[in-house]
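K.L.:
Given two chains presented individually in distinct reference frames, assemble the corresponding complex, making use of the accompanying hints.
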Amino acid sequence: MHSELAPAPGSTTIDVALKIWRYDAETGEKELKRYEVEAPDWVTLLDVLDLIKDKQDGTLAYRKSCRMMICGSCGMRMDGAAVLACKTRMYDIAKSGHVPVISPMGNLPVRKDLVVDMDPFWSKIRAMKPWLDPGYEEPAEKERIVSQQQMNVIHKEALCIMCGCCVSECNSMESDPEFFGPAALAKGMRFVGDARDQADVARLNDYNTEHGIWDCTRCYFCNERCPKGVDPRDAIAKLGAESIKQGVDHDMGAKHAKWFVTSAKTTGWLRETELVPKTQGVVSAIKQTKFALGLARRGKVPPPVPPHVAARVDESRKLYNLVKEQGRDGALGIVQGEHALGRIEFAEQAGVKTSDPEVRPGVEPPHAEG
Amino acid sequence: MRKVAYYKGCLASLSAKELDSSTQALAPKVGLELVELETVTCCGAGDIHEAEPDYYLHLNARILAYAEAANCDTLLTVCNVCTLNLRQANWQLKNDADLRERVSTNLERVGVPPYSGNVEVRHLLWEIAEGEGYELLKQSAHRGLKGLKIAPFYGCQILRPSKILGFEDSDRPWSLERIIEACGGEAIDYPAKIKCCGFPIIQAREETALGELIQPIEQAKEAGADALVTPCPLCHLSLDAWQSKLKESTGKDFAMPILHLSQLVGVAAGLEESELKFKRHVVPVTPVLEKLEV
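Line by line, the protein sequences give chains A and B.
Take any residue in the first sequence, count from 1 to its spot, add 7: that is its number in the working numbering.
Take any residue in the second sequence, count from 1 to its spot, add 8: that is its number in the working numbering.
Worth double-checking, as some hints may not be accurate.
Taking lysine to any residue pairs in the SDA-like style, the calculated list, with each CA pair at most 25 Å apart, reads [said to hold, decoys possible]:
1. A/K325 with B/R110
2. A/K272 with B/K260
3. B/K260 with A/G254
4. B/K25 with B/L45
5. A/K26 with A/A15
Just so you know, the hints here were simulated from the structure itself, not pulled from any lab data.
This is chain B alone, in the form it adopts within the complex (with noise of 0.2 Å):
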């Protein structure tokens, strides 16, 4: 078992629990064993680097030490802008000395550990695409997804800015697709699986929002999907609980299951429902959850 910090995240501690506790019953299977970080706050998710850039900084710094203070080399993340927010600041921090260090007197004085620079911020996603994490997926995924068709969507900010994210070419993604592959499922293509979901403005901009969020659902639908599963619990949110609105605005019902990463392994890995908690989902899980069976 390797011992990492787990960074939850807003989403998952809150609307998205399922995918909290999908994650942690997932772990142990694909050798991670998650340290829960009791004092950490929210990144920001974009909004608080928009508003407030240099408190965003500190912010992350703090999460960062307290990982560090755990002494865990790695902080697990579930969430794409959680994992843009961190590892941006934790490369600003870990290539700056000046700014390092007055960040981290900051943190001091208001009583919180120094951050040294010594933690990665890592995605689940890529714990378990390549690499040991892969190996035992493979080992533990042995209900399989077979004859499920998945759409893989992979969201921006795990991709986007590559320079910061850098774990696969952002234009030509491959993670979500051999995950699928290595569960037994059939990974389909289509253009937008790289795209916007349309969260960061679907509260101010709801229509630009909605016309972003229709391409995936749309685009999966016509390739003959069963289910869409997502890295990222803001796109979860967005794609499940706005399908609905799409049905207002273009009156089509899509019933587009979308699944958490940790709960598309999950499925294969044998997980409980109590585990999976498909009952929060808006648009219904069941129709997958048939097929399988079958």
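This is chain A alone, in the form it adopts within the complex (with noise of 0.2 Å):
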């Protein structure tokens, strides 16, 4: 008989290093300082600062809360990466000997140490409206039933705990600090995807302007750090295709989308030197003409006529006319792809590879500036 058990969660212990960002906005020091503490082999990084917070510097500031991700108070970055500190567990991490980098999320301005100030986070999800707007004052005599069809549509969008994570690493914010951003927008199409609200055009107006959805652009770093799943950059993709379905349609982000149908409809392939005019409008495009005639002397502005055109096209302008037949338009055309995307994380061949067993960071982040 096997007379071996493994040992009990907690009953052994592990080394954890980590090296912190400190700082302190009122004086402008700082400081990368390094703390070794012995910790049971469960635990996670927010575990490990308040080891660190108890038993070595007090000073240490960071936010904390339910320890159990919901109440999103423990954002920050490890190794330039956002995470949830609660959700983070420390084991493999501290067995391969890394010693990660621990700095405040990036996008927000620093308070001190690991602390953001959340302000611009919170005017941004603020100017979202986010509150249902049934239409009405009173309410209604009868209850409202809201099927669970209706309501898979914001599912994900609804799981959000405004940590902030996605934030953190948006590329577009890093260039436009007005950009509304991943958070506030996925909040916002929580309230136009919500069969009950009445306000879906105005908030879509509210939301195509300069600062809104058509900014976004698409690094895909939201999807990847956010810790519930949310996928904000599907959902302002969802914000988009309700605002062309609704007639939203002046921006130039909407006008160079729709452009890229219309090219599949007749040529098939992009018609990429009408795309400029076509989404800039012509005014604008002829002040680009120095710019475009640099570019024609490298081939770069191929000519429109004749048409690069693709074998059986006519295929691809039916198949457009089927499915508006069908009537998935908007929202509905990306949330009926989400059940199978929601399997990807129980799939074997889709498992991200971790691609080396040992973690090795390129470069270390750069500390976040208040």
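P.N.:
The following block contains the structure:
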């Protein structure tokens, strides 16, 4: 008989080392400080921070509350990637001998150590008018039943715990700090897609402004970082699809997207040269003439005539007409694929390769300045 | 030779013809026989996904169906955006029988062969970063890239979302570095190598896009790179063609040559200028080639 049993969780310990960016906004002092603790083998990053604060350095500042991935307080960066500290197990990292760098989330001003100022985050959430607008003042006499199918449209967006991890590495926000960003726009979709809400068109107009949905550069960092599976980039795509469905298509981003549809229906391939005037309008396009001529000299502006046409392109046009008849326009066209995409996590062949047995960061992330 | 269906995408057919010619010339050297698909269309570039998502799914299903009809189990891509769009649609079709049934029925109604879900979408980068492709690459890159410092630039949609791409760790990728080193070059490291080039919004939000575009170019320059290499023609267009606009806005002339992956490997494998077509670049590649000659 087997006499050796696996040790009970916590009965063995591991040595965990961290390098933490210490920072004080008042004095401007900053320092990358190394800490080492002995901890039970099941610890999370948050547990390690608690041990450091309790036993070694009470001045370390970070946020926490629930310790179980639902309050959204403990977002921070590990080796440059935003994580929830309470969701991040340390065992494999400690065993590999790697010493991760812990720093505050990006795209938000740093107050002290790992604590960021969330005010800009909340003001963008508030700008989405995150409350239901049912279109009437008095409650209806009868209860309004919403079907499961209707709620499925926003089930992912409703998972958001507003931790800010998606915002931390948003590439558009680094370049345009006023961009509403992934968290706020996912919140917007949570209401646009709600069957009970009657303010979709007004909302879509609000979100189709300069720093709105078409400011998203599709870097997909938000999907990658979200600890709850909200997939904010997909929520932004749903808002784009809903905008175009509802005729809220004045933004250059919407015109750009629609030109791809026209191209696919007519020639099958992108009609590249016509894309600029179709997106920006003729006047703006003419202002770009000098730039365009520079590109043309290098063959980067293919002549629109004769067009590059795919064989049997009529099939593409017929497909378009057929799917339009079937009415899965707007966000539904994306929602219909979520069932399959949700299964990826459980499939072996799609499992992300960890690529290296030892964790080797590339360049140490720069410390986010306040 | 392994037979694969070759999906060129829009750019390699039009403004980035140099990507097509260098890929076609390189393929046999890394064990790939390319089967060109005449009937396929644009994948929608993420734009049709955002404008008409149901149409996006059908367009991509049609591309996959024609690859399957050509008896190929692999659809080879040379663009990040095509890779993500096709893989995303493919995953949905493979893993949702009801959805696949509906889409296949629609395809048949307009005369397209049905799609049964037996095609894998793989980028050229993945084909030559490991396995037989990598072994052949090491043999054919005999001319080498000696003395060259190359900045790998991945771009977004070959890394993220990792659950759909899934080839390597999206925060610590290694494939481009491995290829650069196999060709005898030196891969330099810099933080922006996994960030966005700004291309998807370069027309609708140029200022925001340029704020993204400058990061890899500036960082690669500071790290002493002779050139930057990318597996994506959209990143290439942005980094190469829009670089001149950085000069207007910042006053700095980075003069950073940008190479397609197939061109970088192609140089090491001794491809001709008629195949590499460096003359089609906006930022001159000559300094790199001269350094290589010496």
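K.L.:
Each hint: holds or not?
P.N.:
Status of the hints after comparison with the structure:
1. For the proposed pair A/K325 and B/R110, the alpha carbon gap of about 15 Å is at most 25 Å, so the pair holds.
2. Pair hint A/K272 plus B/K260 does not hold up; C-alpha atoms about 42 Å apart against a cutoff of 25 Å.
3. Between the alpha carbons of B/K260 and A/G254 the distance comes to roughly 42 Å, so the proposed pair goes past 25 Å and is violated.
4. The hinted pair formed by B/K25 and B/L45 meets the criterion: a straight-line CA distance of about 16 Å does not exceed 25 Å.
5. Note on A/K26 and A/A15: the hinted pairing is violated, with a Cα-Cα distance of about 29 Å set against a maximum of 25 Å.
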